[in-house]
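Number of protein chains: 2
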Amino acid sequence: MPDDPPHADGARVLADLNALRAIGTYKTGVHKPTFSEPHMRSVEWLTQRLPEANLVAAVDGIGNVLGTSTKPGPKLLAGSHLDSQNFAGWLDGPLGVVYALEAARIINPYPNANGAVEVAAWCDEEGHFGSFLGSRSYVGGVTEASIDAARDSSGRAMRDALRDVGLAGRARAKAEPARHIGYLEAHIEQGRSLESSGLKIGVVTSIVGIWQYRITFSGEQNHAGTTRMADRKDAGLALARFCVAIDDRFPALCGPRTVWTTGRITLDPGAPSIIPGRAEMLFQMRDDDPAVIERLEDHLRNMAAEVGAQGRCGVEVMRIRTGVPAMMDAIFQQAIEDASLAFAGGRSVRMPSGAGHDAQILATIMPAGMLFVPSIGGISHHWSENTEDADIVTGAQVFVETCRRLLAG
Amino acid sequence: MPDDPPHADGARVLADLNALRAIGTYKTGVHKPTFSEPHMRSVEWLTQRLPEANLVAAVDGIGNVLGTSTKPGPKLLAGSHLDSQNFAGWLDGPLGVVYALEAARIINPYPNANGAVEVAAWCDEEGHFGSFLGSRSYVGGVTEASIDAARDSSGRAMRDALRDVGLAGRARAKAEPARHIGYLEAHIEQGRSLESSGLKIGVVTSIVGIWQYRITFSGEQNHAGTTRMADRKDAGLALARFCVAIDDRFPALCGPRTVWTTGRITLDPGAPSIIPGRAEMLFQMRDDDPAVIERLEDHLRNMAAEVGAQGRCGVEVMRIRTGVPAMMDAIFQQAIEDASLAFAGGRSVRMPSGAGHDAQILATIMPAGMLFVPSIGGISHHWSENTEDADIVTGAQVFVETCRRLLAG
Numbered sequence: 545m546p547d548d549p550p551h552a553d554g555a556r557v558l559a560d561l562n563a564l565r566a567i568g569t570y571k572t573g574v575h576k577p578t579f580s581e582p583h584m585r586s587v588e589w590l591t592q593r594l595p596e597a598n599l600v601a602a603v604d605g606i607g608n609v610l611g612t613s614t615k616p617g618p619k620l621l622a623g624s625h626l627d628s629q630n631f632a633g634w635l636d637g638p639l640g641v642v643y644a645l646e647a648a649r650i651i652n653p654y655p656n657a658n659g660a661v662e663v664a665a666w667c668d669e670e671g672h673f674g675s676f677l678g679s680r681s682y683v684g685g686v687t688e689a690s691i692d693a694a695r696d697s698s699g700r701a702m703r704d705a706l707r708d709v710g711l712a713g714r715a716r717a718k719a720e721p722a723r724h725i726g727y728l729e730a731h732i733e734q735g736r737s738l739e740s741s742g743l744k745i746g747v748v749t750s751i752v753g754i755w756q757y758r759i760t761f762s763g764e765q766n767h768a769g770t771t772r773m774a775d776r777k778d779a780g781l782a783l784a785r786f787c788v789a790i791d792d793r794f795p796a797l798c799g800p801r802t803v804w805t806t807g808r809i810t811l812d813p814g815a816p817s818i819i820p821g822r823a824e825m826l827f828q829m830r831d832d833d834p835a836v837i838e839r840l841e842d843h844l845r846n847m848a849a850e851v852g853a854q855g856r857c858g859v860e861v862m863r864i865r866t867g868v869p870a871m872m873d874a875i876f877q878q879a880i881e882d883a884s885l886a887f888a889g890g891r892s893v894r895m896p897s898g899a900g901h902d903a904q905i906l907a908t909i910m911p912a913g914m915l916f917v918p919s920i921g922g923i924s925h926h927w928s929e930n931t932e933d934a935d936i937v938t939g940a941q942v943f944v945e946t947c948r949r950l951l952a953g
Numbered sequence: 545m546p547d548d549p550p551h552a553d554g555a556r557v558l559a560d561l562n563a564l565r566a567i568g569t570y571k572t573g574v575h576k577p578t579f580s581e582p583h584m585r586s587v588e589w590l591t592q593r594l595p596e597a598n599l600v601a602a603v604d605g606i607g608n609v610l611g612t613s614t615k616p617g618p619k620l621l622a623g624s625h626l627d628s629q630n631f632a633g634w635l636d637g638p639l640g641v642v643y644a645l646e647a648a649r650i651i652n653p654y655p656n657a658n659g660a661v662e663v664a665a666w667c668d669e670e671g672h673f674g675s676f677l678g679s680r681s682y683v684g685g686v687t688e689a690s691i692d693a694a695r696d697s698s699g700r701a702m703r704d705a706l707r708d709v710g711l712a713g714r715a716r717a718k719a720e721p722a723r724h725i726g727y728l729e730a731h732i733e734q735g736r737s738l739e740s741s742g743l744k745i746g747v748v749t750s751i752v753g754i755w756q757y758r759i760t761f762s763g764e765q766n767h768a769g770t771t772r773m774a775d776r777k778d779a780g781l782a783l784a785r786f787c788v789a790i791d792d793r794f795p796a797l798c799g800p801r802t803v804w805t806t807g808r809i810t811l812d813p814g815a816p817s818i819i820p821g822r823a824e825m826l827f828q829m830r831d832d833d834p835a836v837i838e839r840l841e842d843h844l845r846n847m848a849a850e851v852g853a854q855g856r857c858g859v860e861v862m863r864i865r866t867g868v869p870a871m872m873d874a875i876f877q878q879a880i881e882d883a884s885l886a887f888a889g890g891r892s893v894r895m896p897s898g899a900g901h902d903a904q905i906l907a908t909i910m911p912a913g914m915l916f917v918p919s920i921g922g923i924s925h926h927w928s929e930n931t932e933d934a935d936i937v938t939g940a941q942v943f944v945e946t947c948r949r950l951l952a953g
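Chain order of the listed sequences is A and B.
The working numbering numbers the first residue of the first sequence as 545 and each following residue consecutively.
The working numbering numbers the first residue of the second sequence as 545 and each following residue consecutively.
Source of the hints: derived by calculation from the structure; they are not laboratory data.
Positions of the beta carbon are idealized from the N, C-alpha and C atoms, including for glycine.
Among the hints, a few may not be true.
[Stated by the list, open to error] Below, a list of computed lysine-lysine pairs in the DSSO-like style, where the Cα atoms sit at most 30 Å apart:
| id | chain 1 | residue 1 | chain 2 | residue 2 |
| --- | --- | --- | --- | --- |
| 1 | B | Lys615 | B | Lys718 |
| 2 | A | Lys615 | A | Lys718 |
| 3 | A | Lys571 | B | Lys615 |
| 4 | B | Lys571 | A | Lys777 |
[To be verified] To give a feel for the contact side, a few chain A residues facing chain B, derived at Cβ under 8 Å:
| id | residue |
| --- | --- |
| 5 | Glu733 |
| 6 | His767 |
| 7 | Ala768 |
| 8 | Thr771 |
| 9 | Val803 |
| 10 | Ile818 |
| 11 | Gln828 |
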């Protein structure tokens with residue numbers, strides 16, 4: 545196909561990713577909280593690269609980097625993020641940004657390639673100040689008031705952070721209706737599915753929604769020495785039994801990929817010689833099918849009623865976050881699968897994403913797609929996160945080819 | 545019995561207890577942490593009362609109050625404590641001190657009564673700076689170095705507190721061998737046994753020992769969205785299953801009065817979107833029979849091995865406190881029971897104490913006995929702790945009569 549643009553330059557992709565790793569290095573990973581000095585140097589690095597892809601670089605009033613093209617024809621938006629979790633991995637975010645940059649460098653200057661790839665690095669994907677603030681701002685979902693209220697875990701106001709990095713008062717970029725044929729994002733899998741089956745590309749079908757609950761148990765605080773076992777109303781024990789009951793009963797009720805997690809448990813008052821009078825657990829469920837979650841939530845409430853009916857402890861189930869699953873576009877899925885056939889020997893699989901990504905926000909206003917590359921050992925949100933160089937290169941080739949196919953229509 | 549001393553003066557006992565409640569009042573209870581201003585004013589109050597019982601009052605270098613007698617004949621040591629838990633009840637401690645004061649006031653000046661009651665108020669029974677530091681000092685179990693090291697939960701050094709209340713450099717009183725025929729202490733039950741059976745006096749047979757364990761579960765920290773259920777090594781879930789297994793299996797293995805409590809649970813890192821890689825529980829068992837605890841601890845370790853053998857999570861059981869049960873003297877028990885027959889219509893029952901008391905420390909060097917009065921609703925370590933006035937008076941009468949009988953030999 546002499547009219548096709550050249551393939552992704554694997555060595556250049558690896559060099560770029562290592563250049564970003566050299567900013568804010570922590571062991572073999574990075575530490576780049578949103579608006580930290582290494583995060584902003586990474587932003588600066590990207591704005592300097594974008595002209596190589598014939599893109600005009602701009603950083604907007606919430607820290608999003610956007611590279612826009614004046615080339616005629618269809619435009620595909622592609623990207624990911626440059627901020628990191630604390631002391632985390634080098635690929636979570638930068639992989640998708642560098643793939644997008646590479647696709648733009650290959651496609652945009654090439655005269656015979658249709659249209660252009662525009663590059664985005666969404667700010668604060670890792671949620672230091674909120675939840676997907678950068679991409680949500682772009683789709684029109686963030687008010688000035690919510691930026692006023694945003695604070696990081698240390699209590700620092702987002703407004704102060706924006707002022708300190710020189711972005712105060714700058715306009716926020718908003719999506720232009722019909723400017724893009726869609727949004728494409730690449731990411732490490734953060735799980736073991738690809739690695740354990742020897743596959744190279746995950747074709748994301750959906751991004752699951754996250755439902756979160758505060759489940760509170762109320763019993764009777766009492767002396768751990770003088771209160772006989774038969775007289776106790778131990779809220780902590782009621783909580784433990786509830787966790788076990790979930791684990792025993794959910795497998796028969798859940799969907800094939802549902803996951804659920806109790807991430808935090810607090811006993812009150814939490815002293816070794818006091819029977820807990822109150823206990824609380826943070827419980828989370830993820831699925832791409834709200835009907836599955838509805839069934840599980842019903843069961844959770846029935847279980848709570850059962851415990852209450854036993855008369856020892858009361859249980860209150862409060863939903864504190866309601867999931868919004870995002871379906872990936874069928875044409876995008878097909879394009880990734882076709883590109884995998886050409887550049888990854890067809891070693892791809894369709895799978896939902898259990899983690900949240902900016903693509904779920906972009907999917908609310910345009911067709912969206914995602915592809916995954918394997919994660920070694922499934923490790924994520926840890927500095928030891930990694931992917932084989934060869935898999936990174938394969939992923940880049942599939943990504944660039946997917947962009948070309950989508951723009952070619 | 546014209547030669548017997550008069551009975552306890554119930555109105556005086558209630559007036560004294562209310563006078564102590566008026567110092568450091570919190571709602572219907574008190575707030576008198578060790579060496580706080582209200583605690584030291586309570587100490588001062590007692591030292592002013594002791595001469596009414598022909599006792600010479602002294603406060604020693606660790607804050608113990610001792611009222612000593614020059615009367616010939618046998619001497620019985622009696623008392624409890626004046627410090628309180630934070631925002632706690634008015635009777636936990638003061639009841640035993642005022643009963644001892646009342647017994648001394650009745651018996652010591654009465655010419656026909658044999659011997660004398662000496663009064664003690666042990667410092668820091670509630671453990672703000674350590675564990676029974678006052679009574680342990682009296683029996684010779686506290687080194688200067690351990691006082692140097694003692695700190696309260698705010699980090700304040702016991703040495704600084706002693707200096708601030710004017711006790712620095714003062715000698716610590718030590719038990720004189722053979723000075724006392726034994727030690728008697730009264731206390732609220734802190735449980736519901738007496739109340740629920742309509743009884744008025746608990747004849748304490750033993751004070752249970754407290755064994756404490758740190759049980760640590762190690763799994764694999766991972767992403768709560770991308771890690772499939774089958775791949776998880778959830779340390780928090782392993783902990784919940786362990787708690788439930790304890791609750792299911794211990795009843796068949798424990799003694800008739802064994803109690804066990806999980807007072808604190810910590811999941812690490814404790815975030816809603818992260819599968820806990822590590823979890824820890826503080827677990828406590830109490831019994832007066834070390835053989836029972838040994839059997840339960842063996843079972844605990846077997847259960848840990850079972851979990852480990854399943855290969856998902858490791859469990860480590862570490863004993864961090866070894867209980868020393870204290871048996872109450874048979875003659876003291878009989879004297880309390882006989883006095884209950886005379887002054888409480890025989891409505892007494894023999895029972896172990898599930899809570900720790902200074903009597904367990906004194907029991908290591910002399911015969912010791914304890915009596916309980918009922919607690920309304922079993923409430924303890926809370927400002928709403930209370931006992932019916934009539935029960936307080938009955939307890940005082942039984943207490944004074946027990947002292948008289950023990951001194952009469």
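These are the hints, each one checked on the structure:
1. B/Lys615 to B/Lys718: Roughly 20 Å separates the two Cα atoms, so the pair holds.
2. A/Lys615 to A/Lys718: holds, 20 Å
3. A/Lys571 to B/Lys615: Roughly 77 Å separates the two Cα atoms, so the pair is violated.
4. B/Lys571 to A/Lys777: Within the cut-off at roughly 25 Å; holds.
5. Glu733: Hint holds; A/Glu733 Cβ to chain B Cβ min 7 Å, cut 8 Å.
6. His767: holds, 5 Å
7. Ala768: Cβ of A/Ala768 sits 4 Å from chain B, so the hint holds.
8. Thr771: The hint holds - A/Thr771 has a Cβ within 8 Å of chain B, the shortest such distance being about 6 Å.
9. Val803: holds, 6 Å
10. Ile818: Result: holds, 6 Å to nearest chain B Cβ.
11. Gln828: holds, 5 Å
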